[in-house]
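Q: So the chains spell out like this:
There are 2 protein chains.
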Amino acid sequence: MIKPRTMPGVMELLPRDQLAFQRMMDVIRRNYERFGFLPIETPVMELSEVLLTKSGGETERQVYFVQSTGSLAQGSAPELALRFDLTVPLARYVAEHEHELTFPFRRYQIQRVYRGERNQRGRFREFYQCDIDVIGKDALSPRYDAEIPAVIHAVFSELGIGPFTIHLNNRKLMRGFFEGIGIADAERQAAVLREVDKLDKQGADAVRAALTGKLEVAADAAERILTLVGTRSQSHTDALAKLAALDEGPPAQREGVAELRAVLELVHALGVPERAYTLNLSVARGLDYYTGTVYETLLDDYPQIGSICSGGRYENLAGHYTKSHLPGVGISIGATRLFYQLQEAKLLPAATSTTAVLVALFDDAGLPTAVALATELRAAGINTETTVEPRKLAKQMQYADRAGIRFVAMCGDNEAARGIVAVKDLRDGSQREIPRAELAAALLAAMA
Amino acid sequence: MIKPRTMPGVMELLPRDQLAFQRMMDVIRRNYERFGFLPIETPVMELSEVLLTKSGGETERQVYFVQSTGSLAQGSAPELALRFDLTVPLARYVAEHEHELTFPFRRYQIQRVYRGERNQRGRFREFYQCDIDVIGKDALSPRYDAEIPAVIHAVFSELGIGPFTIHLNNRKLMRGFFEGIGIADAERQAAVLREVDKLDKQGADAVRAALTGKLEVAADAAERILTLVGTRSQSHTDALAKLAALDEGPPAQREGVAELRAVLELVHALGVPERAYTLNLSVARGLDYYTGTVYETLLDDYPQIGSICSGGRYENLAGHYTKSHLPGVGISIGATRLFYQLQEAKLLPAATSTTAVLVALFDDAGLPTAVALATELRAAGINTETTVEPRKLAKQMQYADRAGIRFVAMCGDNEAARGIVAVKDLRDGSQREIPRAELAAALLAAMA
Numbered sequence: 001m002i003k004p005r006t007m008p009g010v011m012e013l014l015p016r017d018q019l020a021f022q023r024m025m026d027v028i029r030r031n032y033e034r035f036g037f038l039p040i041e042t043p044v045m046e047l048s049e050v051l052l053t054k055s056g057g058e059t060e061r062q063v064y065f066v067q068s069t070g071s072l073a074q075g076s077a078p079e080l081a082l083r084f085d086l087t088v089p090l091a092r093y094v095a096e097h098e099h100e101l102t103f104p105f106r107r108y109q110i111q112r113v114y115r116g117e118r119n120q121r122g123r124f125r126e127f128y129q130c131d132i133d134v135i136g137k138d139a140l141s142p143r144y145d146a147e148i149p150a151v152i153h154a155v156f157s158e159l160g161i162g163p164f165t166i167h168l169n170n171r172k173l174m175r176g177f178f179e180g181i182g183i184a185d186a187e188r189q190a191a192v193l194r195e196v197d198k199l200d201k202q203g204a205d206a207v208r209a210a211l212t213g214k215l216e217v218a219a220d221a222a223e224r225i226l227t228l229v230g231t232r233s234q235s236h237t238d239a240l241a242k243l244a245a246l247d248e249g250p251p252a253q254r255e256g257v258a259e260l261r262a263v264l265e266l267v268h269a270l271g272v273p274e275r276a277y278t279l280n281l282s283v284a285r286g287l288d289y290y291t292g293t294v295y296e297t298l299l300d301d302y303p304q305i306g307s308i309c310s311g312g313r314y315e316n317l318a319g320h321y322t323k324s325h326l327p328g329v330g331i332s333i334g335a336t337r338l339f340y341q342l343q344e345a346k347l348l349p350a351a352t353s354t355t356a357v358l359v360a361l362f363d364d365a366g367l368p369t370a371v372a373l374a375t376e377l378r379a380a381g382i383n384t385e386t387t388v389e390p391r392k393l394a395k396q397m398q399y400a401d402r403a404g405i406r407f408v409a410m411c412g413d414n415e416a417a418r419g420i421v422a423v424k425d426l427r428d429g430s431q432r433e434i435p436r437a438e439l440a441a442a443l444l445a446a447m448a
Numbered sequence: 001m002i003k004p005r006t007m008p009g010v011m012e013l014l015p016r017d018q019l020a021f022q023r024m025m026d027v028i029r030r031n032y033e034r035f036g037f038l039p040i041e042t043p044v045m046e047l048s049e050v051l052l053t054k055s056g057g058e059t060e061r062q063v064y065f066v067q068s069t070g071s072l073a074q075g076s077a078p079e080l081a082l083r084f085d086l087t088v089p090l091a092r093y094v095a096e097h098e099h100e101l102t103f104p105f106r107r108y109q110i111q112r113v114y115r116g117e118r119n120q121r122g123r124f125r126e127f128y129q130c131d132i133d134v135i136g137k138d139a140l141s142p143r144y145d146a147e148i149p150a151v152i153h154a155v156f157s158e159l160g161i162g163p164f165t166i167h168l169n170n171r172k173l174m175r176g177f178f179e180g181i182g183i184a185d186a187e188r189q190a191a192v193l194r195e196v197d198k199l200d201k202q203g204a205d206a207v208r209a210a211l212t213g214k215l216e217v218a219a220d221a222a223e224r225i226l227t228l229v230g231t232r233s234q235s236h237t238d239a240l241a242k243l244a245a246l247d248e249g250p251p252a253q254r255e256g257v258a259e260l261r262a263v264l265e266l267v268h269a270l271g272v273p274e275r276a277y278t279l280n281l282s283v284a285r286g287l288d289y290y291t292g293t294v295y296e297t298l299l300d301d302y303p304q305i306g307s308i309c310s311g312g313r314y315e316n317l318a319g320h321y322t323k324s325h326l327p328g329v330g331i332s333i334g335a336t337r338l339f340y341q342l343q344e345a346k347l348l349p350a351a352t353s354t355t356a357v358l359v360a361l362f363d364d365a366g367l368p369t370a371v372a373l374a375t376e377l378r379a380a381g382i383n384t385e386t387t388v389e390p391r392k393l394a395k396q397m398q399y400a401d402r403a404g405i406r407f408v409a410m411c412g413d414n415e416a417a418r419g420i421v422a423v424k425d426l427r428d429g430s431q432r433e434i435p436r437a438e439l440a441a442a443l444l445a446a447m448a
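Protein chains in written order, with our numbering: chain X, 1 to 448; chain S, 1 to 448.
There could be a bad hint or two in this list.
Any copy will do: because identical chains look the same in the list, a pair fits if it lies in one copy or spans two.
[Unchecked claim] Keeping only pairs whose Cα atoms sit at most 20 Å apart, straight-line, the calculated EDC-like set for lysine to aspartate or glutamate is:
hint, residue 1, residue 2
1, K395, E98
2, K198, D288
3, K198, E265
4, K214, E389
5, K3, E79
6, K137, E187
7, K395, D300
8, K137, E389
9, K137, D220
10, K242, E255
11, K323, E100
12, K3, E49
The set of hints was computed from the structure by calculation and includes no laboratory data.
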C-alpha cells in the first residue's frame, strides 16, 4: 500500500474550493476577452536550448528538467524543461509564428508554470499565471499602455475583493531623472531602481542607506531621489500636476513624463475611476526587462499581500529568436498565490456549486419521473443532478447542502398526482410548490 | 540566435484555431457541469513512487520524469514524473481526500497528460483528456452507468459534428458467456476479450484465426463467440429483445444482461434518442481494469476515426492507495487528438473571434470618442477592441476580417455630429447607421 500524497509546494483543492478558483479564473478570462485579447496555449515543456537562452541565472537554478524513460536510461542530458513563466514561451511563439500573426498581436494566456522554489508556506512550485500582452512589430504606441489599467480595473472590480489601486510609473522618467543628477551609467541606474523599488517594504531610511552606501550615491542626490520616489498622486488632476512639475531635465525624463501623461489621460478616457489609479514613482519592478510604463496593483486594505497584478512596457520581446524588433506591453496575475492569499484573508465568498438543482428520489418507482424532470431542467440550461438510488430525504438535503447545491426538487407520488413539484431553497430554507410545466422558468427566475 | 521551435508531438495553435479548440473545451465542460459533475485539478507532476505503482509495463516506458536543477546535478534518480492519464491522479486524489469528499463523488477533470509516444502524425506527447467519473464508497448502483451515455449524447450533440452512436456492452455478460462455453479461466477470458475487441478493425476472419490459433479455442466455441460479438441492435426494442435472448447461462452472464437492461432502460428514460445508442457486443475495451458496462462512441460517417469517447465501469479505483472499496464508472475524451481529427475531416466550423466589435479610429482627435464607445460596449458585456492608432479604414477592415471580428463600429466627426454610429457587419457586408444610444442593444440583438 502506497501513501497517497502530492509533492510539496503544489495547490490541490477540494471541489468547492476548486469551484471558487474556477470562478476567479473565469472572471479573469472573461475580462481579458472583453478587451479583445485572444487565447493561445503553449506546451508545458520547451526544448531546454530554446527555453534557457540566458544561462546560469537564478531562474535556471529553479528549472525543472524533463526526460523520457528512454533518454533517462541512456544517461543523456535532458533536452526538455518545464516553462518557468509565460513570457519566454510567448517570445518563442511570436518569433516562430511571426508571419502567421497579425500585429499588434493581442494575446492572453492562462496556464501553469513551474519553479523549483524552496519549500515554504505560500510559495508554489506549480502555479497559474494569467498574462496579457500586446506585441507590436517595429513599434507600438504608448496608447496600448493605457488599455492595461482598464483591463486590470475590469478584472478586479468583477472579482469583488475590495478596493484596489493601480500604481503607475515610467522607467524612462526615472532613468532620465537619475541622469540629470549625475547617475548616467545604465547599470548603475538599474541598481538604483532596484533599491527604490524596496521603498514601500523597507522604508526610506533603508533605501537611503543602500543608495549612499554600496551604490555610492552622494547624500544630496540620494535625498533628491528619495523625494522623487516619494511622489504619490491623490487624484487625476494631481497626477497631471505632479507630472508637469517633472517636465524638465534630460530628454529621457521629458519623454517619460510625456508617455505617462498620455497614458493617464487615456486611462481616464477609458472610464477607469480616478480612485483606482495613482502615480507612484517608487514602483520600478525588479526586472531590467521593462523600459517604459510599469504597473503594480495593491489591495487598499491588504497592502501586506503585495502587488496582485504587475507588468509593464518592454523594448523587444524576442531578441533571442528573431531579428524582428517586437516591442510590447503586458501584465501577469499569479492566480494560484492570489487565490491562496485571498483565502487566507477570507476575501473570497464561499462558492456555491455549479450544480443548481438536486432532484430527490423517494423510491425506485419514482426514478422515471425524477430523471425526466432532470432532463427537462437540463434542456432549459439548468445544471442538475439526480439522486438515482432512493435515500432518506434528510440525507439528500444534507448532501445538497454540503455540496453547495441551492435547490432540491421533489416530485413524489403526491406531487406527481397534483402536477406540481415541491422545491426547497437551501439558501433561505423556504419551500414552495411550483406547477411542473413552470418549474424550469421559475428556477431560472429565482437564479437570475 | 536560437531557432524558435517546439518539441515534436505537441499541438500548438494559432489564435483562431485556439478559439475553435476552446469552444470545443467549453462545450465539454458545460455539459459535464449540466449533469452535476464538479471540477478538480491535480498537479501535472506526481511523486514517481505514487504514480508508477505498477512497474515495468508499457505505460512506464512512456513516462516523462522530472528533476529540478539541484536534483539533476546530484545525479539522483528522478522523484517526480508527469501524469500519463487522469485516472491514476484521480485514484490518488480520492484516496488522499477520502474523508473530506461526499460519495458518490462526481468529478470532472480537464487537464493535459504526457506520454513519450513514438513521433508520428496524429500522435501526441502532450494532450488534453476530459474525464468524468462517479466514484462510490463500498458500492455504486449500475444506474450511474446509465447517466454516462446521456452526458456523451449532450456533449456531442452540442459539438455539432454530425451523427454519432454510443456502443454499449457489459464485460460480465461476456465473461459469463465465455464461462458457459467452457472458457472459465479469468486470464484466458481477458485474452479472448482483447481479441474480439479487434473485430471492427480486423474483421471476423482475423479474430477467428486468433481465437482458434494462439488462444486454442475450439472451432465451435469460436463460432459461438463470433456470433455473440456480431450482435448489434437496430433500436431500443431490438436491444432489449437481443438481451432477453441472452438471459441464460452462468450467473455472471445473467447479471451482465440484467445490468445492461437496466442501463438501456434508464438511458431511454433520460431522453437519449434511440438512434444515438446501440448494443454492440464486440466492444470490450483493452484494459482489464473494466468489469461491467463499457462504452465507445463513433461518428457514423467517420468510423475510421475510431472511438471519440470511451470508458466503463470498474470494480475498485484506488486499491494501491487505500483499503476502502471504491467502485466507479467513467469516460474520457481525448480532446487534442479529437480536435486534430475533426480538423482533418473538416468537421469544425471556422471559429469567429471572441471579440465581437472593432471600434475603428480615423484620426487622433477621434480617440476619446472611440474609447468611450468601446467602454460603453464593454459595459454592456460586448467584447470590444479599439484601434488606438489611426490607420486607413481598409486596413482596419482587413484586420477585423482576418481576426474573425464580426462588426466594425465607426464614429468619425460626421457620425459623432449626427449622434449615430456606422456599423459594418463583415458576415454579410451590410452597413447601417445606428443611433449611438441604441448601439449596444442593437449589436446584442444582432448577435443573439
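Q: Now tell me, hint by hint, if it's right for this structure.
A: Against the structure, the hints:
1. K395 - E98: between (59 Å within a copy, 19 Å between copies)
2. K198 - D288: Classified as within: same-chain Cα gap 15 Å, cross-chain 60 Å, threshold 20 Å.
3. K198 - E265: neither (28 Å within a copy, 68 Å between copies)
4. K214 - E389: Classified as neither: same-chain Cα gap 73 Å, cross-chain 45 Å, threshold 20 Å.
5. K3 - E79: Cα proximity of K3 and E79: across copies only (15 Å, versus 32 Å in one copy).
6. K137 - E187: Answer is neither: 27 Å inside a copy and 63 Å across each miss the 20 Å cutoff.
7. K395 - D300: Intra 44 Å, inter 43 Å, cutoff 20 Å: neither.
8. K137 - E389: between (61 Å within a copy, 14 Å between copies)
9. K137 - D220: This pair counts as neither: shortest intra-copy Cα distance 42 Å, inter-copy 73 Å.
10. K242 - E255: Within one copy, since 15 Å is at most 20 Å while 82 Å is not.
11. K323 - E100: within (16 Å within a copy, 54 Å between copies)
12. K3 - E49: between (37 Å within a copy, 9 Å between copies)
Of the numbered hints given earlier, the model fails hints 3, 4, 6, 7, 9; all others are met.
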